[in-house]
Amino acid sequence: MKAAPFEYVRAASVGEACELLARHGDTAKVLAGGQSLVPMMAMRLVRPAWLVDINEIAALKFVAIEKDAVRTGACTRQCVVERDPALAVGVPLLAQALAWIGHVQTRNRGTVGGSLAHADPAAELPLVAQVLGARMVLRSGNGARTLEAAEFFAGPMATAARPDECLEEIHWPTWSERRMGSAFTEISIRHGDFAMVAAAAQIALDGGGRCTRAALGLGGVGGTPLAFPKIAARLVGTKLEDGAVQSAAEAAAAASEPGSDLHATADYRRHLARVLAARALRAAHEKARAA
Amino acid sequence: MSETLYMIGVEVNGKPRAGQVPARLSLVDWLRDELRLTGTHVGCEHGICGACSVMLDGDPVRACLMYAVQANGHRVTTVEGLARPNGSMSVLQDSFCETHGLQCGYCTPGMLIASQALLDSNSNPTEAQIRDAIGGNLCRCTGYQQIVEAVQLAAERMREAK
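As given, the protein sequences belong to chains A and B, one line each in that order. Here our numbering is used: the first residue of the first sequence is 1, the next is one more, and so on. Here our numbering is used: the first residue of the second sequence is 1001, the next is one more, and so on.
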């Protein structure tokens, strides 16, 4: 046994999970898919006294299509989101990002909410949430509150969720434009690893091929995933010519804050940020044109 | 100092099994050390190598990234559960032997579980689909080529047998 001793409770409902979190405060951790938390506990990087297992709460597992958003329950498995045909139409960026996440075995267990709550700045789903401006519903004994992705991600492996709050569901905004395309790309040491740098983009075009809406973001180059709404807004009205795409990618790379580690220097990461941002924009543009 | 023990009941390879476990006991350690099902291997113990893959309710998962207590009430299939009821090797296992899909054998139980899960849902996988299905399983001997061939051979035989 590698983890430090802890007490385990299987919560039967969100209400019970919130009650347990309120009782045990920051000595408790929510256990969702466990694909990040369990290894961290094995290495004793975290030593919660209590684990509140939310895996058996059916109410946290759903995909619901609504008019301008898709809602997913926090404990919805990544493999379910990956294969959901309605989600692939409404929020194509999710399935595109999931293709880069881990492996079959980890996606069968890993959850959407778990990845967001873990808030690794190089993880794929937090980047999608940041780029699209997803909203997180946090539940506690005092009720629910909704946070925008920009407020939710507070720093490396840190969120604005309080110790007594459980992530309940995520609202992913859908774009109603008919000619819409998105793309996700990254460079990692091995396929399935966390990204060294990741880029995500979404583009909408009018009938004449002019950009009417754009979103762009980068992962792995800051304390949180980064979205660049102002830089993306400059693309609106253009036909996404090479020059416009290049200058947006350069601006995004310049605004990123990569660090150095044994895998890559900050300069190299910034270089990747520019290259990948341009690639994501071009690929999203291609998809929008074909739509 | 004594740790809390939790009662669990798990259907393992079709048979109901019960146990008392500390919360921090991983599923793979319970299978190996308590149930003596040592076919499932322990590799990295933090979700990288795939040697400990088992099926949970039919889907492949990493048994080192789950606590045994979480399997309570669920169905687990280990590599021991892949053999035919009379104990002879399954089509997939035979294919691994014939194509030399293993050398040291350490990764093999995980490879078998991952590929069986693929074949359960896809009787005619492409090479890319096979490589994706075993993408989370590390082998340091064969270089994967013969493993891919084993899965292709098994798929072919299973289709013919239908």
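In case anyone wonders, no lab produced these hints; they're calculated from the structure. Only a predicted model underlies this, so the values are computations on that prediction, with no experimental measurement involved. Misleading hints may appear alongside valid ones.
Listed next, with one range per pair, are the computed distances between beta-carbon atoms [as the list claims (entries may be wrong)]:
id, chain 1, residue 1, chain 2, residue 2, range
1, B, H1046, A, E148, 29 to 39 Å
2, B, G1073, A, R23, 22 to 32 Å
3, B, E1127, A, I187, 22 to 32 Å
4, B, L1005, A, D26, 50 to 60 Å
With a Cα cut of at most 30 Å, we get these calculated BS3-like pairs of lysine-lysine [said to hold, decoys possible]:
id, chain 1, residue 1, chain 2, residue 2
5, A, K61, A, K230
6, A, K67, A, K239
7, A, K239, A, K287
8, A, K2, A, K67
9, A, K2, B, K1015
10, B, K1015, A, K61
Covered stretches of chain B (in silico footprint by chain A; criterion: 3 or more residues with CB under 8 Å from a CB of chain A, positions within the stretch not fixed) [what the hints assert, rightly or not]:
id, stretch
11, 1023-1029
12, 1044-1051
13, 1121-1131
A virtual CB, placed ideally from N, CA and C, is assigned to each residue, including glycine.
Hints and how they fare:
As the Cβ distance of B/H1046 to A/E148 is approximately 33 Å, the hint placing it in 29 to 39 Å holds. Between B/G1073 and A/R23 the beta carbons are some 24 Å apart, a value that agrees with the proposed interval 22 to 32 Å. B/E1127 and A/I187 have their C-beta atoms about 24 Å apart, which keeps the hinted 22 to 32 Å range intact. Distance hint for B/L1005 and A/D26: a CB-CB separation of about 26 Å, inconsistent with the stated range 50 to 60 Å.
Annotation: proposed proximity of A/K61 to A/K230 is violated, straight-line Cα distance about 35 Å (limit 30 Å). This hinted pair checks out: A/K67 and A/K239 have alpha carbons roughly 28 Å apart, not beyond 30 Å. Note on A/K239 and A/K287: the hinted pairing holds, with a Cα-Cα distance of about 14 Å set against a maximum of 30 Å. A C-alpha spacing of about 47 Å is found between A/K2 and A/K67, which places the hinted pair above 30 Å, so the restraint is violated.
Of the supplied pair hints, the one linking A/K2 and B/K1015 holds, its CA atoms being roughly 28 Å apart against a limit of 30 Å. Between the alpha carbons of B/K1015 and A/K61 the distance comes to roughly 28 Å, so the proposed pair stays at or under 30 Å and holds. Counting residues of the stretch 1023-1029 of chain B whose C-beta lies closer than 8 Å to any C-beta of chain A gives 5; at least three are required, and the coverage claim holds. For the stretch 1044-1051 of chain B, the stated coverage by chain A is satisfied: 4 residues place a CB nearer than 8 Å to a CB of that chain, which reaches the threshold of 3.
Here's how the stretch 1121-1131 of chain B fares: 0 of its residues keep a CB closer than 8 Å to some CB of chain A, so the rule of at least three is not met and the hint is violated.
This entry does not satisfy hints 4, 5, 8 and 13, going by the numbered hints stated previously.
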